[in-house]
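Each chain, written out:
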Amino acid sequence: MTLSIWDNVLYMPGDVIAAWILMLLIGPILLLWLFKTKKWPIVWEYMRTTNHRKIGTMNVLFGFLFFLRGGVDALLMRTQLAVPENNFWLFQGDKYNEVFSTHGTMMIFFAAMPLLIGLMNIVVPLQIGAGDLAFPFLNAVSFWMFLAGGMLFNMAFFLDSSPNAGWTAYTPLSTDTYTQTEGNDYYIFALQVSGLGTTLTAVNMIVTILRHRAPGMKLNRMPLFPWATLVTSFLILVAFPVLTIALSLLMFDRLFDTSFFSGEAGNPVYWQHLFWIFGHPEVYILALPAFGIFSDVISTFSRKKVFGYTAMVLSLCLIGFLGFMVWAHHMFTVGLGPMANTFFAITTMMIAIPTGIKVFNWLFTMRNGVVRFTVPMLFALAFIPTFVMGGVTGVMLSVAAADMQFHDTHFVVAHFHYTIIGSTILGIFAGIYYWYPKITGRLLDRRLGLWHLGLFITGFHLTFFIMHITGLNGMPRRTYTYQWGENLFVFNFISTIGAFLMGVGMAVFVWNIIRTWRSGNHAEADPWQGRTLEWSVPSPSPEHPFTQMPVIDQRDAFWYAKQEKRRLLIQKQPRPSPIAVKTIQPLCIGLILLLLSLAMIYQWWILAVLSSVLVLAMFLLRTWRDERIKTIREEVTDE
Amino acid sequence: MRKTWIVLLLLLNGCQIRTLNPHSQVAGDQAMLIYLSFAIMIVVMAVVFILLFRFAWKYKQTAKNKDDVPEEINSNKRLEITWTLFPVLLLAILAIPTVMITYQVSPKTTNEADSTAAGEGAIHIQVTAERFDWTFTYENGRQSDQLVLPVNEQAVLHLQSEDVIHSFWVPELGGKQDVIPGKEILFKVTPDKTGTFLGKCAEFCGVNHALMTFDTNVLHNQAYQTWLQGK
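Taken in sequence, the protein lines are chains U and R.
full-length UniProt numbering puts the first sequence at residues 1 to 639.
full-length UniProt numbering puts the second sequence at residues 1 to 231.
These aren't lab readings, by the way, just hints derived from the structure by calculation.
Glycine residues also receive a C-beta, built at the ideal position from the N, C-alpha and C atoms.
Mixed in with the good hints, there may be bad ones.
Claimed, not checked - Residues from chain R that face chain U, not an exhaustive set, calculated with beta carbons under 7 Å:
id, residue
1, 48
2, 99
3, 102
4, 165
5, 202
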């Protein structure tokens, strides 16, 4: 649609205008509701909090919002692909490219990552008996950085400059020679800012898990979700800086006319190496925490401790380690030569072994147990076959010669949705249903939960199973159309129906949350007969959960104490826990980084310099303040 | 979900899946690998599915065992060794043909391989990818927007890109091969059946990536010669 504002003629696509109108409707309603129900103190509280549960809740909340946004993108794509030679609305050509680029980036970086990090934030300290994360202030900074990145990425759409080079942003397509608009600059800065936040979270998690465990909780007594978090954090710590470097180089290519990825001196394949050295560990960064969640869920609802604990931990580490040695399996068709192709084929196959060990350990955890079909457990039971199907197609893809047929087709699309939705998204749902009492103090409705699961899983398999076939039948990914004669119509049509079923499933989930919030069951401290320490504190978890620090004498100590009808021993003098502060600084840092990114994208250099100085000043200001000094002084005078 | 796999098998028989309907040696090898890996993976899936359904069914909570506290089992050496070694065995069966065929089909750039060694008397065709078209230049200088190949003769395609990364893909003839700017990559193919196939660009290259297609004609030798001389 072309608008003429004063003397300027402005072109805006219909979908962007629709989104603007929707926002202009929802925004005031939300504000009005906040005024009416007097929620401002709560909003102000959350803006300044450094508490792990509150930050985690915000992570989950915004991650879920972005998840819905990415889901709408998916539905738009599936509608365009429903029939051959379709012309749905304006989702052809560049618009379609923007939609799938946004969908991928949104789902990986702004939905899956914050949802997992949110759950880690909420649960890990409670499971290991820590008062909070080791660095509460840093935790808040991480969150606001993620949100700044997410907002920046969404802003791109509202200004009609969404990135359009795919979530992988392969060079030279993503350099300014071939994509001149600001879209890919938004991509660079949104990922850069939120990626920095993720890296800081990893540091925080590692220190928390290594330094703040309850007395007696040795590493080999730790539940598997904190273990998965620990391994994941190390993966983040190694992989994300590679992304930072790659994005910086791309930024220089785009903004300052260097030629790292094009021209005589550069090479476009360098980008692929850098991106996948980050990108493949990223896949495990998404999968491992979900594995941890499922280990806890399956163990709890089988009323047994997890089978082969040592093997579970070792295979987590092994998957993490091997994850760094397989990146070139994304590049079998680049022509790296026979040696590289076979090497990466073999290392990729090797990952199947620790993954298989985990699957069998989950199965044998259920054996001889008492399996309760609660909603989180049913998500776990849906996860096993779904993920195994994604795993076996993964092995098929590792066969380098055959991968040349699979590569960049819908077969690959099917594969990674089977693995990522199968593990990460189902894991997040299982985790949300399982830990909802600890977050909000209420239990989600079981009947609606079953509808959510049933619709989502049925829709999922309809959508993505079909894609194995369309891929083998010659349908490349990232294409917005196909021809009538290609024998692809029926398959794609079924796929689209499946996608909408998933959408209905999500609507049920949203309804479940709203209903639970308005009139839900209040949960007791231990509604699932849990085994780990988070169930020993009230629901929702208080700001200072472990005022009486329990002593851990074995794995799942809380469960065995309950069995023997005794209470866990209490440590008289626990390690001082991190000190909560109320501060608006993290939010300000996020805002300034947003401003800095915008200045860089539109090349307003003065603003860029000013905001960089300002953000540096903010960090320096923080460096010279230490809230512990005051608290310790108070404690000393108390004595 | 097992039902869906049966449906898949039926569909595979019922209609022609292009990658599984090979018209060249390379595509044939690749189809064989697809079938082989699929068969091995069916074994894995069957084992997991059977165990899952059995355990979930047999040990589900009932009124009777509602309050039971099951006996704790830490681990079981025999079982754990089994499910470590069993996949190793299956993967080894898969790895051997993978390595062999991958060595054969992985293309080389011209810098490494001298084009003369790429088969005496082979037909050389320059393939130029440029957003969003393919141009095929034959040895006698003829240019065309479709790829025409004689049956049972080796053709060496010299893949080059004028701008971004593209990917050359004709499912029936095997592949695919990325086309990278600033680099010439050789892709060898010997079609063994005549026919007309749709070729596509398989690496996302921009606005009209979806429309970057070309026709491939595999002709009998005589028809090929006639075509080559024609205008």
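Can we keep the residue 48(R) interface hint, with Cβ of chain U closer than 7 Å?
-> Given a least distance of 5 Å, the restraint on residue 48(R) holds.
Regarding the hint that residue 202(R) lies at the interface with chain U, is the smallest CB-CB distance below 7 Å?
-> 4 Å, holds
Does residue 99(R) meet its interface restraint, that is, does its C-beta lie within less than 7 Å of any C-beta in chain U?
-> 5 Å, holds
If you take the shortest Cβ to Cβ gap from residue 102(R) to chain U, is it below 7 Å?
-> 4 Å, holds
Proposed interface contact between residue 165(R) and chain U, which counts if any beta carbon pair is under 7 Å | This hint holds: residue 165(R) lies near chain U, its Cβ roughly 6 Å from the closest one there, short of 7 Å.
In this structure, every one of the numbered hints holds.
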